[in-house]
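Using the sequences provided together with the hints, build the complete structure.
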Amino acid sequence: MNKRSFMLGLMVVASSVLSACGSGENEESAAESGNTITISLMHRYQESNIGKSPEDTAVLDGLKRFREDYPDIEIIEEQLQNEDYSIKAQALAAADDMPDVFIVPGSWMTNFVDNEIVLPLDKELDKRPEWRDGYRAGTLDAGTREGQIYGIPIAAGPTHLIYYNADLFASIGYDQFPASWTDLMDAGDKLAEKGINLFSYGDKSKGYAMSSWISALTDRINGPEWTESILNGDGAKFTDEGFIQGIGIMSELAKAGYLNKDLNSVDNDTMVNYYFEGRSAAFVSGIWSAMNIVNNAPDEIKASTRVAVFPGVENGLGNPLSSSGGAGVYYSVNSGVEAGEKLDAIMTMLEYMTGSDSAKLMAEVGGFPAYDPGDFDTGKLHPVALAAYEASAAADATKIFDLWFDASIVEVLNTGIQGVMAGSRTPEQLAEETQQAYETFLNQP
Amino acid sequence: MELQLELQSQRSPRRFFPNPAKLAVNALLLLFTASCIIPLLWIGYSSLKTQAEFANNILSLPSAPQFSNYWEAIKLTNMLQLSWNSARVTFLSVIGITAIAYVTGYITARLDFKGKRAMIFYYLFGMLVPIHALLVPIYLLFKNWGLADQWYTLIIPYIAFNLSLPIMLVSSYVMGIPREIEEAAAIDGLSFSGTMYRIILPIAVPVLTTVAILQFFSCWNEFSFALVLLNDESLRTVPLGMSYFKSQHSTNYPQLMAGMILSMLPVTIIYFVFSSRIIAGVMSGAIKG
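Protein chains in written order, with this note's numbering: chain A, 1 to 445; chain B, 1001 to 1289.
Hints listed in this document are in silico derivations from the structure and should not be mistaken for laboratory results.
One should not assume that every hint holds.
The calculated lysine-lysine pairs, modelled on DSS-like cross-linking and capped at a C-alpha distance of 25 Å, are [said to hold, decoys possible]:
(1) A:127 - A:64
(2) A:255 - A:204
(3) A:194 - A:255
(4) A:123 - A:342
(5) B:1075 - A:204
(6) A:52 - A:204
(7) A:255 - A:190
(8) A:261 - A:204
(9) B:1246 - A:52
(10) A:302 - A:64
(11) A:261 - A:52
(12) A:52 - B:1114
(13) A:302 - A:194
(14) A:190 - A:342
(15) A:302 - B:1246
(16) A:261 - A:237
(17) B:1246 - A:64
(18) B:1246 - A:206
(19) A:206 - A:261
(20) B:1075 - A:64
Next up, the structure:
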């Protein structure tokens, strides 16, 4: 009970206001008039991004096909931009007034499940085994709580890939991306002599380090069992040597001057722009950056960009080629929707939006769908996008920490890593602070 | 006359070399001015670049101006619809704010009644409450009373949340108007409300203009209420429209900047037309005559 968060408090206030008003309008709006089914849908995919973002393109195409095939079903759709969606969804959730279908980031899922905002979908998915079984391994995980599936994933894909300028690396004697950390530091040194950063790095939004670096690095060193042990409270500690080593690698790159100095004050867009400007030879990011390069990079940069992942770590316990990834965002159904025609219609709509056809389209335009698209037409893909897709499909996806760890631990890590990268604290200090937050979390009743 | 002469005699003779202290202050102010103007210039010329050009070097000038960004921005956001929505909501809110602020400001300035201090404090308190803390309860109220998602939805919170400062401004301005004017009107047989509307209202026009202009900016740029209280896309306002240029992982900056310039245009024009009045209005009431 104590774990219930701030939102629950808001909901209590909200419900008391509701009862004070004594209005029955909510019930009215929930009731369906006659035989027409009305589905309200709120998501963060926008018409204006069709053709620019693979996810938006595929999801909205699915919705369009569904509307054509089921003209009798009315869909009241609200499209919002990513950050706007977060603000509005949290306000509506606190007011217990979410639409029928909405998007839930994996990191919100526990909260939404605990507060009974979302509906378990297992029974509905069991009716459609072919669809359910088409999802890539692990992509349903962050939408599952205590064995029940609460969310249908949309896109998956690694949050860790390295996009590098092959020409720049060739000019310092590397025909491919350095295969060991010693080589990587050597390359950093040679690039620094030319006045170029090894990586550009932008953690202004806090969370980049965790998504694209820490989750992958720690897995390389500690192996996935460590993460599981942390999640289950089975004895692994953040002060374990492997975690400190992972943070240490990042700290060394910053200390050696191989990253841009303004690393904590620039955002991801600027980080990618530094690469486009030739100020850095590489950057670490998710699969989403592939289409950014294809659409926006200067031609010579686009032509020389290749895709890699971090080198393996000597004596590391994890898969040396693993990459943090999986699905991060899910479609969920309002817990107020009852089984029947309407729920059926919703599931069909979700299959149109995230299932096989939509997945194929997403892959063809440069995305990495959660649903396995099987063979698809790679002819239209730019080599950079194809390389990113292939690296993603080959990589062994491991858990992205910010989707799995409790928000209190994520916050300490996100803030602390900025201090480490700025040189104001050591990896050991950060490990100690994170462990303290972790123990506080474990000791919660 | 004597005073003027005295002031003139105190002035120091012209020097060829400027005073270094003054020079330093001026340089500092110039730098400060530049820091405000340069970003605007940057937005202006960046709105004419291609996305690749922008990505390649964010500071460089456009090689071939892309006026199509503006056309795209208008098309993409349905700028006319957004502007019409914003204009309608803003215009009606400003009328409401100005009218209520005048009556309340006048009454608090001229009448003594029980609970007046509490009332003034209540209005002042309104300036201290952050909007985000109220989004959820207000959303619930609007939803339950059927006020959400209507063309007039935003007018209600815009008026309510923008009253504090205008009431203070009007009140202090009215306090500066000599009471004798109202006494003369009363002797001539004019009622309280007659005095308020027919005598003092024309005198208070400068401060009301200031109030109207300041609140125009505030309503035109408001984002949070517009986001939460409206679902219907056809009711969206200009600040919401700016989100069309962003996707989850990238932003079309040149088009966004074109959109920003277009959305700034009405407020900029209003500012330039009325800037002297805004300054005069803010100053008025500051010195008690």
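Do the hints match the structure? See the list:
For a cut-off of 25 Å, the pair hint linking residue 127 of chain A to residue 64 of chain A stands: about 24 Å separates their Cα positions. Simply put, residue 255 of chain A and residue 204 of chain A have alpha-carbon atoms about 18 Å apart, close enough for the 25 Å limit, and the pair holds. Restraint check for residue 194 of chain A and residue 255 of chain A: satisfied, since their Cα atoms lie roughly 18 Å apart, inside the 25 Å limit. In summary, the hint linking residue 123 of chain A to residue 342 of chain A is supported, as the alpha carbons are separated by about 15 Å, within the 25 Å threshold.
Among the hinted pairs, residue 1075 of chain B with residue 204 of chain A is inconsistent with the structure: their alpha-carbon atoms are about 32 Å apart, more than 25 Å. Only pairs whose Cα atoms come within 25 Å are accepted, and residue 52 of chain A paired with residue 204 of chain A is accepted, the gap being roughly 24 Å. A threshold of 25 Å between alpha carbons decides the hint, and for residue 255 of chain A with residue 190 of chain A the separation of about 15 Å falls inside it, so the pair holds. In summary, the hint linking residue 261 of chain A to residue 204 of chain A is supported, as the alpha carbons are separated by about 13 Å, within the 25 Å threshold.
For the given pair, residue 1246 of chain B sits about 10 Å from residue 52 of chain A by alpha-carbon distance, which is consistent with the 25 Å threshold. A hinted pair counts as satisfied when its Cα atoms are at most 25 Å apart, and residue 302 of chain A with residue 64 of chain A does not qualify at roughly 33 Å. For a cut-off of 25 Å, the pair hint linking residue 261 of chain A to residue 52 of chain A is broken: about 31 Å separates their Cα positions. Between residue 52 of chain A and residue 1114 of chain B the CA atoms are separated by roughly 63 Å; this puts the pair beyond 25 Å, and the hint is violated.
Annotation: proposed proximity of residue 302 of chain A to residue 194 of chain A holds, straight-line Cα distance about 21 Å (limit 25 Å). Between residue 190 of chain A and residue 342 of chain A the alpha-carbon distance is near 62 Å, which puts this suggested pair outside the 25 Å criterion. Only pairs whose Cα atoms come within 25 Å are accepted, and residue 302 of chain A paired with residue 1246 of chain B is accepted, the gap being roughly 22 Å. Restraint check for residue 261 of chain A and residue 237 of chain A: the C-alpha separation of about 31 Å exceeds 25 Å, so the hint is violated.
Restraint check for residue 1246 of chain B and residue 64 of chain A: satisfied, since their Cα atoms lie roughly 22 Å apart, inside the 25 Å limit. A threshold of 25 Å between alpha carbons decides the hint, and for residue 1246 of chain B with residue 206 of chain A the separation of about 19 Å falls inside it, so the pair holds. Between the alpha carbons of residue 206 of chain A and residue 261 of chain A the distance comes to roughly 16 Å, so the proposed pair stays at or under 25 Å and holds. Restraint check: the Cα-Cα separation between residue 1075 of chain B and residue 64 of chain A comes to about 21 Å, which is no more than 25 Å; the hinted pair holds.
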